[in-house]
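> Sequence:
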Amino acid sequence: MPTMGANHNWPEVLAGGQREQLESVVLPAYLRECRWFGGKARQIEKLEIAEAVPVGNSLRPVQILLLRVIYADEGTETYVLPLACAEHNEGERITRDFPHAVISRIELDGRQAILYDGVYSESFCTDLLLCIAQSKTIEGRHGELLAYPGRAFSEQAGAGADLPKARVLKAEQSNTAILFGNELFLKLYRHPEQGINPDLEIVKFLSETVAFPNIPAFAGGLEYRGADGEPISIGMLQSFVPNRGDCWSYFLGAVKYYYQRILASGIEAQAIASVPTSFLELSRQAVPPLYIELMSEQAINLAGLLGRRTGELHKALASAARHADFNPEPFSRSFQAAVFESMAKLTGQVLQLLENNLHKLPEGVQTEAEQLLGFEPEIRMKLRAFLDQELSAMRIRIHGDFHLGQVLYTGNDFIIIDFEGEPARLLAERRLKQSALKDVAGMIRSFHYVANLSLLTEAEPDREEMAGLVPRADLWYYYMGGSFLRSYLEVVGGSRIVPADDLQLETMLKAFLLEKAVYELGYELNNRPEWVPVPVRGIKYLLTDE
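Its first residue numbered 332, the sequence shown is counted upward by one per residue in this note's numbering.
Calculated directly from the structure, the hints in this document are not laboratory data.
Using 27 angstroms as the maximum straight-line C-alpha spacing, the simulated DSSO-like pairs for lysine-lysine come out as follows:
{"hint": "1", "residue 1": "Lys676", "residue 2": "Lys871"}
{"hint": "2", "residue 1": "Lys676", "residue 2": "Lys691"}
{"hint": "3", "residue 1": "Lys496", "residue 2": "Lys467"}
{"hint": "4", "residue 1": "Lys535", "residue 2": "Lys764"}
{"hint": "5", "residue 1": "Lys371", "residue 2": "Lys501"}
{"hint": "6", "residue 1": "Lys646", "residue 2": "Lys535"}
{"hint": "7", "residue 1": "Lys371", "residue 2": "Lys676"}
Label-pair distances were calculated between CB atoms; the ranges are:
{"hint": "8", "residue 1": "Ser723", "residue 2": "Val801", "range": "31 to 39 angstroms"}
{"hint": "9", "residue 1": "Asn658", "residue 2": "Pro620", "range": "43 to 51 angstroms"}
{"hint": "10", "residue 1": "Ala403", "residue 2": "Pro573", "range": "42 to 50 angstroms"}
{"hint": "11", "residue 1": "Asp428", "residue 2": "Gln697", "range": "42 to 50 angstroms"}
{"hint": "12", "residue 1": "Leu704", "residue 2": "Phe429", "range": "41 to 49 angstroms"}
{"hint": "13", "residue 1": "Glu423", "residue 2": "Lys496", "range": "16 to 24 angstroms"}
{"hint": "14", "residue 1": "Arg436", "residue 2": "Gly705", "range": "51 to 59 angstroms"}
{"hint": "15", "residue 1": "Arg653", "residue 2": "Pro430", "range": "51 to 59 angstroms"}
{"hint": "16", "residue 1": "Pro619", "residue 2": "Leu757", "range": "43 to 51 angstroms"}
{"hint": "17", "residue 1": "Asn687", "residue 2": "Pro619", "range": "43 to 51 angstroms"}
{"hint": "18", "residue 1": "Leu834", "residue 2": "Lys871", "range": "22 to 30 angstroms"}
{"hint": "19", "residue 1": "Arg350", "residue 2": "Gln591", "range": "55 to 63 angstroms"}
{"hint": "20", "residue 1": "Gly370", "residue 2": "Asn574", "range": "30 to 38 angstroms"}
Using N, Cα and C, we set each Cβ at its ideal position, and we do this for glycine too.
Given only the sequences and the hints, what does the whole structure look like? Please build it.
The structure is reproduced here in structure tokens:
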């Protein structure tokens, strides 16, 4: 680990030769170890400290850095890193409890200290909360940080509540979460883009314009504005909602219960009747009593409740006709053509990726995956049906990355979170109005994932037993997806959020299900090759479904 030097005032390292060392050696090495850094597979050509905004005590402030990372392939990304300094007992505590947060050693007038990620400074977290509560504007070197409260925080502050104690949640992903007591939750966006983050934009809209209850309420925002005046969303404060974990965990437990019941019952595979793979058809059928018993009535009902809440979410997002960023818009042939071209391009890229990586896949996966390589014409034909229809539905703002992991289960209801959209897409794309059925397809595909991954990730699988459960996994997936869709359509029926015409509805849903499965295949090839069978099976089902 490198050692830097400064006099009494540690922010001196942001100037002169020390700054050069930070930019060329210290920070690039640190970023590569961070879970939230998305450029690990790319070569960093240059790193620049584009901005430093001081927050907190004037003698030892935390500097919120905006880091501009320039890659050898000419791409550029921005990352947020609060830079803090600690010595004596505090430095020892950070090093002991949060070793991953330590960036560099530093000597201050001969005294040993550390530079570290400032989110692990409780005083910094409290200072950020105070900035939001007091609507502060803080000058940086080239722009300013604007902090402002939302209605949920203003009401709490008006009640004279003390500021709760801060702690960083350990489950760090692409953002960093800071919990204040059991009341407030600050999400620090580590990889911001110029423009308003759709997560902040949509949560604020749902909280303060239409009052949708099944989200953590908007409580405040942090935005940076540079010389051009364009906002960059740095963080969002929300109310904290006590919960029992996400829906992925709940339904993972539910499908394992189902497999146990199947194995214990001794029901032969042929005794389980085949079901239609058309989710629209399934949504209009009652679940047979045998399947209710095997799958549990509670799980089926909760899948239905999730569909209801999804429909209510979409109706809320489509309810402000005078709000330019949220008013529904009709489909057009040009928009449909652009969507189809995007789908077709994705398909070509993913199948090429599959061909290039086929030899790297586990042996048992290769044969199943290889069969897809000749299916590009069939996939494009299925997707093209979306282009050939004149669609009567409206385009609205949607969640954009909707799956079981984006919904919290409270024990009797659901709370929907994380409205950023698919992280691989540009911010402008994530703010586009789309078909609500993209969200519906994402959730139905998530049921397929949870049903199959519980088989793939079994610690000591009985191969014969697992093979026998694959068709039962399909059964669970179909009926959970059908229950979800049934309740969803009951809520949005007559609203023009989805087409009233069955042919249009079926065509759109199948196209988005197929697009999502292709996207998943690309993701798994890049990140989890052992999971490739799940999207491969999903694509095959959709190609054979007539």
